[in-house]
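K.L.:
Okay, here's what each chain looks like letter by letter:
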Amino acid sequence: SQELEQSPQSLIVQEGKNLTINCTSSKTLYGLYWYKQKYGEGLIFLMMLQKGGEEKSHEKITAKLDEKKQQSSLHITASQPSHAGIYLCGAVSGGYQKVTFGIGTKLQVIP
Amino acid sequence: EPEVTQTPSHQVTQMGQEVILRCVPISNHLYFYWYRQILGQKVEFLVSFYNNEISEKSEIFDDQFSVERPDGSNFTLKIRSTKLEDSAMYFCASKLGRSTSGAEQFFGPGTRLTVL
Chain A
52 SQELEQSPQS LIVQEGKNLT INCTSSKTLY GLYWYKQKYG EGLIFLMMLQ KGGEEKSHEK
112 ITAKLDEKKQ QSSLHITASQ PSHAGIYLCG AVSGGYQKVT FGIGTKLQVI P
Chain B
-4 EPEVTQTPSH QVTQMGQEVI LRCVPISNHL YFYWYRQILG QKVEFLVSFY NNEISEKSEI
56 FDDQFSVERP DGSNFTLKIR STKLEDSAMY FCASKLGRST SGAEQFFGPG TRLTVL
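Line by line, the protein sequences give chains A and B.
In case it helps, this note's numbering puts the first sequence at residues 52 to 162.
In case it helps, this note's numbering puts the second sequence at residues -4 to 111.
It is worth saying that the hints were derived from the structure and are not from the lab.
Hints should not be assumed to be uniformly reliable.
Covered, in the sense of this in silico footprint (three residues per stretch, anywhere, with C-beta under 8 Å from a C-beta of chain A), are these stretches of chain B [said to hold, decoys possible]: (1) 37 to 51; (2) 84 to 91; (3) 104 to 111.
Okay, derived cross-link-like pairs now, DSBU-like style, lysine-lysine, Cα gap no bigger than 35 Å in a straight line [unchecked claim]: (4) A:K157 <-> B:K78; (5) A:K111 <-> B:K37; (6) A:K119 <-> A:K78; (7) A:K157 <-> B:K73; (8) A:K89 <-> B:K73; (9) A:K68 <-> B:K78; (10) B:K37 <-> A:K89; (11) A:K102 <-> A:K78; (12) B:K73 <-> A:K119; (13) A:K87 <-> B:K37; (14) A:K89 <-> B:K78; (15) B:K52 <-> A:K120; (16) A:K120 <-> A:K87; (17) A:K87 <-> A:K111; (18) A:K115 <-> B:K52; (19) B:K73 <-> A:K111; (20) A:K115 <-> B:K37; (21) A:K78 <-> B:K73; (22) B:K52 <-> B:K73; (23) A:K107 <-> B:K52; (24) A:K102 <-> B:K52; (25) A:K120 <-> A:K102; (26) B:K78 <-> A:K107; (27) B:K37 <-> A:K68; (28) A:K102 <-> B:K78; (29) A:K120 <-> A:K68; (30) A:K157 <-> B:K37; (31) A:K107 <-> A:K68; (32) A:K120 <-> B:K78; (33) A:K89 <-> B:K52; (34) A:K78 <-> B:K37.
Note that this is a predicted model, so its numbers are computed, not measured.
Ideal placement from N, C-alpha and C gives every residue a C-beta, glycine not left out.
Turn these sequences into a full structure, and let the hints steer you where they fit.
P.N.:
Pasting the structure below:
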């Protein structure tokens, strides 16, 4: 079965700083989601990457899938308190495309 | 903007009771999913549903669980006889299709199930 490792597991940054979260898969990624979750709440869709080398941006968040399609990174530029939450990566697998999730990275942004 | 909705937001039940968790997926979506997240743990896949039948299920989804799309808009998860370990947040998700443009899977806000 596919396993996803996220690093770091926890991150505290000063407002305005840049940060990167990594997601490494035990198998080739055929689709990789990034979601944001506030503690105890639902998952907010951020981005989906499917092609090796693909990079997508939304506001100040950029995600990339490496060429070998086994690792993805999520980069936040000039972090704000609104970026605080838990960032989850999820790998698509199977014919009906279920998602297997990593444990998440908890981000705190200090004003 | 269309969104997945779930009711109730919080359900408290006694062990051994049946519960039904309800979801309204995005209206033109064709693929439906249930996931659960035990507090502090990963979000785990339970079941996928397409063309009015279960397409894939995990080991967690045993005979105590069932899913149904009774009327073309609602998508339900039933747990027949709840156990303490069923306490979790249950998420419904849906997506349009399997092609690149419709592959995004959108999640509902979740139902927090507490089994006493």
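K.L.:
Run every hint past the structure and note whether it holds.
P.N.:
Do the hints match the structure? See the list:
Check result for the region 37 to 51 of chain B against chain A: holds, 8 residues qualifying (beta carbon to beta carbon below 8 Å, three or more required). Under a criterion of three residues with beta carbons nearer than 8 Å to beta carbons of chain A, the stated coverage of the region 84 to 91 of chain B is upheld, 4 such residues being counted. Note: the region 104 to 111 of chain B has 3 residues with beta-carbon separation from chain A under 8 Å; the three-residue rule is met and the coverage holds. Pair hint K157 of chain A plus K78 of chain B holds up; C-alpha atoms about 30 Å apart against a cutoff of 35 Å.
A hinted pair counts as satisfied when its Cα atoms are at most 35 Å apart, and K111 of chain A with K37 of chain B qualifies at roughly 26 Å. Proposed proximity of K119 of chain A and K78 of chain A is supported: the alpha carbons are some 10 Å apart, at most 35 Å. For a cut-off of 35 Å, the pair hint linking K157 of chain A to K73 of chain B stands: about 32 Å separates their Cα positions. With a C-alpha separation of about 26 Å, the suggested pair K89 of chain A and K73 of chain B falls inside the 35 Å cut-off, and the hint holds.
At roughly 45 Å between alpha-carbon atoms, K68 of chain A and K78 of chain B are farther apart than 35 Å, so this suggested pair is violated. Proximity of K37 of chain B to K89 of chain A is assessed by CA-CA distance (about 14 Å); at most 35 Å being required, the pair is judged to hold. For the hint linking K102 of chain A to K78 of chain A, the alpha-carbon distance of about 15 Å falls within 35 Å, and the restraint holds. For the hint linking K73 of chain B to K119 of chain A, the alpha-carbon distance of about 40 Å lies beyond 35 Å, and the restraint is violated.
Annotation: proposed proximity of K87 of chain A to K37 of chain B holds, straight-line Cα distance about 13 Å (limit 35 Å). Simply put, K89 of chain A and K78 of chain B have alpha-carbon atoms about 27 Å apart, close enough for the 35 Å limit, and the pair holds. Between the alpha carbons of K52 of chain B and K120 of chain A the distance comes to roughly 26 Å, so the proposed pair stays at or under 35 Å and holds. Only pairs whose Cα atoms come within 35 Å are accepted, and K120 of chain A paired with K87 of chain A is accepted, the gap being roughly 21 Å.
Between the alpha carbons of K87 of chain A and K111 of chain A the distance comes to roughly 14 Å, so the proposed pair stays at or under 35 Å and holds. For the proposed pair K115 of chain A and K52 of chain B, the alpha carbon gap of about 30 Å is at most 35 Å, so the pair holds. Distance check on the hinted pair: K73 of chain B and K111 of chain A sit about 40 Å apart at the alpha-carbon level, beyond 35 Å; violated. At most 35 Å may separate the alpha-carbon atoms for a hinted pair to count; K115 of chain A and K37 of chain B meet this at roughly 22 Å.
For the suggested pair K78 of chain A and K73 of chain B, the alpha carbons sit about 33 Å apart, so the restraint of at most 35 Å is met. Pair hint K52 of chain B plus K73 of chain B holds up; C-alpha atoms about 14 Å apart against a cutoff of 35 Å. Of the supplied pair hints, the one linking K107 of chain A and K52 of chain B holds, its CA atoms being roughly 31 Å apart against a limit of 35 Å. About 27 Å separates the Cα atoms of K102 of chain A and K52 of chain B, which keeps this hinted pair within 35 Å; it holds.
Proposed proximity of K120 of chain A and K102 of chain A is supported: the alpha carbons are some 8 Å apart, at most 35 Å. A hinted pair counts as satisfied when its Cα atoms are at most 35 Å apart, and K78 of chain B with K107 of chain A does not qualify at roughly 42 Å. The suggested pairing of K37 of chain B with K68 of chain A holds, with an alpha-carbon distance near 28 Å, which does not exceed 35 Å. Distance restraint check for K102 of chain A and K78 of chain B: the Cα-Cα separation of roughly 42 Å exceeds the 35 Å cut-off, and the hinted pair is therefore not satisfied.
Of the pairs offered as hints, the one joining K120 of chain A and K68 of chain A holds, with about 28 Å between alpha carbons and a cut-off of 35 Å not exceeded. As the CA atoms of K157 of chain A and K37 of chain B are separated by approximately 13 Å, the hinted pair is consistent with the 35 Å bound. In summary, the hint linking K107 of chain A to K68 of chain A is supported, as the alpha carbons are separated by about 20 Å, within the 35 Å threshold. Only pairs whose Cα atoms come within 35 Å are accepted, and K120 of chain A paired with K78 of chain B is rejected, the gap being roughly 39 Å.
Distance check on the hinted pair: K89 of chain A and K52 of chain B sit about 27 Å apart at the alpha-carbon level, within 35 Å; holds. For the proposed pair K78 of chain A and K37 of chain B, the alpha carbon gap of about 18 Å is at most 35 Å, so the pair holds.
In this structure, the earlier hints numbered 9, 12, 19, 26, 28, 32 are contradicted, and the remaining ones agree with it.
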